[in-house]
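Engineer: Single-letter residue listing:
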Amino acid sequence: MKHLRQLEDQSVYILREAYKHFNNLAMLWSMGKDSTVLLWLARKAFFGHVPFPLLHVDTSYKIPAMIEYRDRLAREWRLDLVVGQNKEALAAGMNHTMGRVVCCTALKTNGLKQLLEHKGYTGVILGVRADEEGTRAKERYFSPRDKHGDWDFRDQPPELWDQYKTTFPPGTHIRIHPLLDWTEINIWEYIKFENIPFIDLYLDKGDGTRYRSLGCAPCTTPIKSTAKTVDDIIEELRHTTVAERSGRAQDEGRGMELLRKDGYM
Amino acid sequence: MTTQSTKPSENLNIVIVGHVDHGKSTLLGRLYADTNSLPDGKLEKVQAICKQQGKEFEYAFLFDAFLEEQEQGITIDTARTFFMWKGRQYIIIDAPGHKEFLKNMISGAARAEAALLLIDALEGVKEQSKKHGYLLSLLGVRQFAVVVNKMDLVGYRQDVFEGIEKEYREFLGQFKAVPAEFIPVSAKLGDNIVNRSKQMSWYSGPTVLDTLGAFKKEAARSEQPLRLPVQDVYKFDARRIITGRITAGRIKVGDHVVFSPSNKRANVRTVEAFNIEPQPTEGQAGQSIGVTLDEQIFVERGEIASHQESLPSVSTAFRANLFWLGKRPLEKGRKYLLRVATKEVDCEVASIHRIIDTMDLAQQQGSHMVNKNQVAELTLRTKTPVAFDLSSSFEATGRFVLVDEYDIAGGGIVTELVHDDQEFLREEARRRDFAWVKGEVTVEDRAQQYGHRAAIVLITGGRHTGKSFLARKLEGRLVADGRHAYLLDGENLRRGLDADLSEEERGQTTEMARRYGEVARLLIDTGLIVVSTTNPFGLAYHEALEAIRTLVHPAPVIAVHMSKTAEEPPPNTDVLLTGPTDFDAATARILDELKRRGVLAQAIGAKPVFQYSI
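Protein sequences, first through last, are from chains P and Y.
The opening residue of the first sequence carries number 1 in my numbering; numbering runs sequentially from there.
The opening residue of the second sequence carries number 1 in my numbering; numbering runs sequentially from there.
Be aware that a few hints might be false.
What the hints assert, rightly or not - Subject to a maximum C-alpha distance of 20 Å in a straight line, what follows is the list of computed DMTMM-like cross-link-like pairs (lysine to aspartate or glutamate): (1) P:K20 to Y:E277; (2) P:K20 to Y:E344; (3) Y:K235 to P:D155; (4) Y:K327 to P:D231; (5) P:K20 to Y:E162; (6) P:K2 to Y:E331; (7) P:K192 to Y:D346; (8) P:K2 to Y:E277; (9) Y:K264 to Y:D294; (10) P:K192 to Y:E444; (11) P:K147 to P:E194; (12) Y:K45 to P:E133; (13) Y:K372 to P:D155; (14) P:K147 to Y:E309; (15) P:K87 to P:E133; (16) Y:K372 to Y:E331; (17) Y:K217 to P:D80.
These are calculated hints, taken from the structure and not from any lab test.
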């Protein structure tokens, strides 16, 4: 499992750089497998502590089991959990039938932007991975966002060796991506290797389906799978040629490029 | 995605570079397609988009994710893609070839362990082919293969291939770069990518896929002497943990380590980790670790831990090869932030020796600036001493970046230590500190007892500016406030310690400053706030100030400069007093500076928040 330790060393280095350079730092936690591994890596980096708040942008459409899992870990690991929600949009009745990109923009992108602005965070740690989809493959470990939270992918800063962009003009913020070099299989191998508690929606509980990627209930569909353990998942992934996010409706067409340019995670 | 069922044993980072349009993204697409490494439907999806937009399908579209990239048919930014083959997980970075996006190419190459450099058989060796070849070498990517693409467009002719190989080998030879292979391919048609070409029976070497398999995982740097740049110091619980990523060598419990440039020393008590049983007792190159020490010495980010037998260099100047990516040119004399490993320090360009044209490696001298995308040889001078290595001996501690305003604007490698005029004194201080005999009372004990830290206030300036008067007043004020302060007057040294010197010897600033500095060092070790002036050195105060700084390092030096009219103060002056002096106001300003530096607490009677100790 040497390759997992290599990935871990790099991610821990990035997390410690983030903690050193940003006074107002937070980590996004969606309770999915990736951001939970990220949370675990933070406990590795800071020797059992998580010295910054964990943000959850709650669209109100999440699967209920995810919220229970969130609150349990927050209690057990003594996490500083901050939940944000675009209440205005929800009050106006926002939902996925108004258009998926429209809904994601309102409840996730804008929900996140509101939370960042309200709390004044200048560094936000996210669990995105390069192998998830095309625009994430082009991300930097430290990726600047402008005053409107937008991503200028045409003009990304150079990233040399272990030197990252940690200075930025007032009003802007930096997104930090410690998991860029991890693949979906690496995530599951690490969950097994470190015995990290994860949400059981990822497993088949007898009906021959499981979730491979977790999002909002209306826009995430389970895949056909009989994987009942982490080992089963790893074995399945070694042989699949189906894209991880094939169950995520927002990826249709150019959805992700448009969403991410405007500040989506 | 993968169809390989073998477990990965290691990761290898590969970058694909070369001139724009020479087929890098196509090669990548072909590699994935021919090894069945694409997700189901990916090929069909991209083919459908092409059809819809009325253009011919290209393998390049598989990874050029941005709409703009597909419309213009070029790669704008590096993409990381993942690919598993024979038990190894490759992270392949597709770097853009257009010169506009050189900074993206460099970002891609800087994290690579091996590279594929593409040259178009029809176009031959172009500007970016050379620039990328040169930069790979500068960035420290020593393993690479040259892939001569589009062989189908030259009728698969061996003489064309050999002509390019000869020309390019000669170019690389000038800076001693040696490629592992030259491979003739057609990425578009799949010749020699995964499958051997039927068109080029004259070529018997490896395919691109074979070549990837033959690249070696970077040789473990664990066998080198230890280098552990301090990243941060944590105190989340009872443990005071010093963290960092080991860039070379090994460290283990019980090791005696030295931190440079402060020269502080301690033994490693434990290696700390979360969720690893049993607790580790050592670490090696590549690992991000945390250690505790047997003594509560104060060390901070930027220092490099090593063993005493093999210390890094310490200086305020070094010579380097640098590439510049900044929006505005690098200029001689302007201030930049230098980052070497975890150290950040202000610096300026002392001189630009030459600009190197990467087309023909011609050198241009006498320039005062380095423009975007140029490579130069220069000397950098830092505000305070930095620990570093030569890039030829230690990769990670031998390279640096420069930050201009908010942006990383350039990077480079250290080629030579430049001896500064403090070298001998620094060596003296190092030897003296290593052999220093300590009593039972620690620096921490003294600081707690006295309610403040030790420091030296050094007042510089020309004749009759009121230095002595201010020094007396400051001493009086500190003692009245209950501090332990002492006025070190040069005249007293002259009549006592220096009584054996001849008149001529007393005129030598270097030796006089050395004696003065060593006495100050002793007084600081007693926990005092030493107040002094550079009066004994007359107008040679610049030189004396530097010598004293070196000898009392790393104790805080509060440099105060007095002058009747506006003049250039010595470098790193903290408090500048110009014109007629209001001595009460001047004293108050120095006290504020002592508070700001953490020597004194913000309020009298309160315990100071200590930022450092000696």
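Engineer: Quick one, are K147 of chain P and E309 of chain Y close enough, alpha carbons at most 20 Å?
Structural biologist: violated, 50 Å
Engineer: Regarding the pair K264 of chain Y and D294 of chain Y, is the alpha-carbon distance no greater than 20 Å?
Structural biologist: holds, 13 Å
Engineer: Does the structure keep K192 of chain P and E444 of chain Y at a Cα separation of 20 Å or less?
Structural biologist: Outside the cut-off at roughly 45 Å; violated.
Engineer: Compare the distance between the alpha carbons of K372 of chain Y and E331 of chain Y with 20 Å, and conclude whether the hinted pair is satisfied.
Structural biologist: holds, 11 Å
Engineer: Is the straight-line distance between the alpha-carbon of K2 of chain P and that of E331 of chain Y 20 Å or less?
Structural biologist: violated, 45 Å
Engineer: Sort out whether E162 of chain Y lies within 20 Å of K20 of chain P, counting only the CA atoms.
Structural biologist: This hinted pair is violated, its Cα atoms lying about 52 Å apart.
Engineer: Tell me if the straight-line CA distance from K235 of chain Y to D155 of chain P falls inside 20 Å.
Structural biologist: violated, 38 Å
Engineer: Within a Cα-Cα threshold of 20 Å, do K2 of chain P and E277 of chain Y meet the stated pairing?
Structural biologist: Between K2 of chain P and E277 of chain Y the Cα gap is close to 16 Å, so the pair holds against 20 Å.
Engineer: With the threshold set at 20 Å, check whether the alpha-carbon distance from K372 of chain Y to D155 of chain P stays at or below it.
Structural biologist: holds, 15 Å
Engineer: Compare the distance between the alpha carbons of K87 of chain P and E133 of chain P with 20 Å, and conclude whether the hinted pair is satisfied.
Structural biologist: violated, 29 Å
Engineer: Sort out whether E133 of chain P lies within 20 Å of K45 of chain Y, counting only the CA atoms.
Structural biologist: holds, 14 Å
Engineer: Would you check the hint for K147 of chain P and E194 of chain P, treating anything up to 20 Å between C-alpha atoms as holding?
Structural biologist: violated, 39 Å
In summary, the numbered hints that this structure violates are 1, 3, 4, 5, 6, 7, 10, 11, 14, 15, 17.
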